[in-house]
Amino acid sequence: MEARSAPPPALALHDVSKRYGRRWALARLSYSLPQGRSLLLTGHNGSGKTTLLRLVATALSPTHGRVEVRGNDCVTQRDVVRREVALLSHASFLYEDLTAHQNLVVLARLLGMDAPADVAGELLVKVGLTKRSDSPVRQFSAGMRKRLAIARLLMKAPAVALLDEPFGELDPAGIEAMEKIIRELKDSGVTVVLATHLIEQGMALCEERLHLQEGRAVAA
Amino acid sequence: MRGARPISLLKTVGVLLAKDLLIEWRTRARLNALIFFALATLLLFSFAVGPDTKVLARNAGGYLWLALLFASVLALGESFRVEQENLTLDGLRLAPADARAIFLSKAMGNALLLMLLGALLIPVMVALYGVTVTMGLGSFAATVTLGCMAISAPGTVYSAIASNARARDVLLPLLLFPLIIPALLAAAKATSLVLQGDPMNQLGSWYGLLIGFNLIYWGLGFLLFPRVIED
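Chains as they are written, first to last, in full-length UniProt numbering: chain A, 1 to 220; chain B, 1 to 231.
Worth double-checking, as some hints may not be accurate.
[To be verified] Cβ pair distances, simulated, as ranges:
{"hint": "1", "chain 1": "B", "residue 1": "220", "chain 2": "A", "residue 2": "76", "range": "18 to 26 angstroms"}
{"hint": "2", "chain 1": "A", "residue 1": "37", "chain 2": "B", "residue 2": "178", "range": "35 to 43 angstroms"}
{"hint": "3", "chain 1": "A", "residue 1": "21", "chain 2": "B", "residue 2": "216", "range": "32 to 40 angstroms"}
{"hint": "4", "chain 1": "B", "residue 1": "48", "chain 2": "A", "residue 2": "171", "range": "53 to 61 angstroms"}
{"hint": "5", "chain 1": "B", "residue 1": "169", "chain 2": "A", "residue 2": "142", "range": "22 to 30 angstroms"}
{"hint": "6", "chain 1": "A", "residue 1": "31", "chain 2": "B", "residue 2": "227", "range": "28 to 36 angstroms"}
{"hint": "7", "chain 1": "A", "residue 1": "44", "chain 2": "B", "residue 2": "9", "range": "39 to 47 angstroms"}
{"hint": "8", "chain 1": "B", "residue 1": "170", "chain 2": "A", "residue 2": "189", "range": "47 to 55 angstroms"}
Keep in mind the hints are simulated off the structure, nothing from the lab. Quick caveat: nothing in here was measured; it's all calculated off a predicted structure. Ideal placement from N, C-alpha and C gives every residue a C-beta, glycine not left out.
Turn these sequences into a full structure, and let the hints steer you where they fit.
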């Protein structure tokens, strides 16, 4: 009888390096995150956290090495990975001249959802932006943009959620709501990769930790 | 999320084109500025040449296409500036939206904008330069459509390339203008024939050149755009 093979890791880095011009943002990084576990990424500004998240999200390609998400290569199987991963980034990916609702409807249509307007409405309720759903994003505060960006991430229903500084620009209520959303993601089986400077909050949410220093993994 | 499934390339083009047109509509001040810029260019040609209506009428086609070309640089640059703000182009790529659909929607949006501009400039040109449309508005519409499409396809690719450069405002015309010369020449010649008549039946060959140019650059854009916008 054939032995059942183990599921591929949620995230696997094989000797990954990324160079911008002459500067190495990541240098020979190897790591594996099993499915069902969540990862806290820590490190000072410029240590490579954002670059790593953008590599996993396929927004960037590695200079050397290989990045895999659930067994799929982030370069050669880019489209497969993009359907499994969602990124909450420093940039919100939002159109300033569209309303909150229109921004979500555009994404819902791209994802081929059955009732884009309804899905957008439900997510606006979830992130507490119902009252401002018809306001252009240009009029939003930084915290409101972050909430809308989270709604965008939730719409994708990803297998792996990449969260780059999710607590930044949020008020205490917003931080609490974000923690709740992250817990719900984890409970629903989503692998969360979280980069934050708020280490205590991050440790409470993640089982694994990877500390970066000048693009290399070091002991925290 | 409920009902999510990959959509076809054409449907993606439709969603993205609708999004771009909605943004254009919500930022009408930008569109108005473009129209006034093109009108001012037409007007300036008439001032520069002077009151000689024969010269103005003879070169009207060239002036129209120069006004459209200059305005196109603003329109093309703006179409990717919108996608630079908040890195929305990354948002589209990661959604994931097919890069070829992004090209087609942007190029079609830019072509539509230029056609609208062309339609607004024609009556002004007729009034300013004292020309008459000898061959009918159908031929004029065909010329404007083919010419605008010919500017739009390479312009969209170069606009995407230039959008990441520091000197993007200079880089786009620097890349686009030399490449567009055959199409500009064909569009200007075809416009002159539509205005002044075509006793030698030359219009078809200029249309042929424009159609060939469009086939090549829409095809190249479709094939190469994924390499342009991916890391």
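For each hint, the structure was consulted:
The hinted window of 18 to 26 angstroms between residue 220 of chain B and residue 76 of chain A holds, with their beta carbons roughly 24 angstroms apart. Between residue 37 of chain A and residue 178 of chain B the beta carbon distance is about 55 angstroms. The supplied range of 35 to 43 angstroms is therefore violated. For residue 21 of chain A and residue 216 of chain B, the Cβ-Cβ distance of about 34 angstroms falls inside the hinted range of 32 to 40 angstroms, so the restraint holds. In this structure the supplied range 53 to 61 angstroms holds for residue 48 of chain B paired with residue 171 of chain A, their Cβ-Cβ distance being about 59 angstroms.
Separation of residue 169 of chain B from residue 142 of chain A is about 29 angstroms and conforms to the stated range, judged on CB atoms against 22 to 30 angstroms. Between residue 31 of chain A and residue 227 of chain B the beta carbon distance is about 29 angstroms. The supplied range of 28 to 36 angstroms therefore holds. A beta carbon spacing of about 43 angstroms between residue 44 of chain A and residue 9 of chain B agrees with the range 39 to 47 angstroms that was offered as a hint. The hint said 47 to 55 angstroms for the Cβ distance between residue 170 of chain B and residue 189 of chain A, and at roughly 51 angstroms that hint holds.
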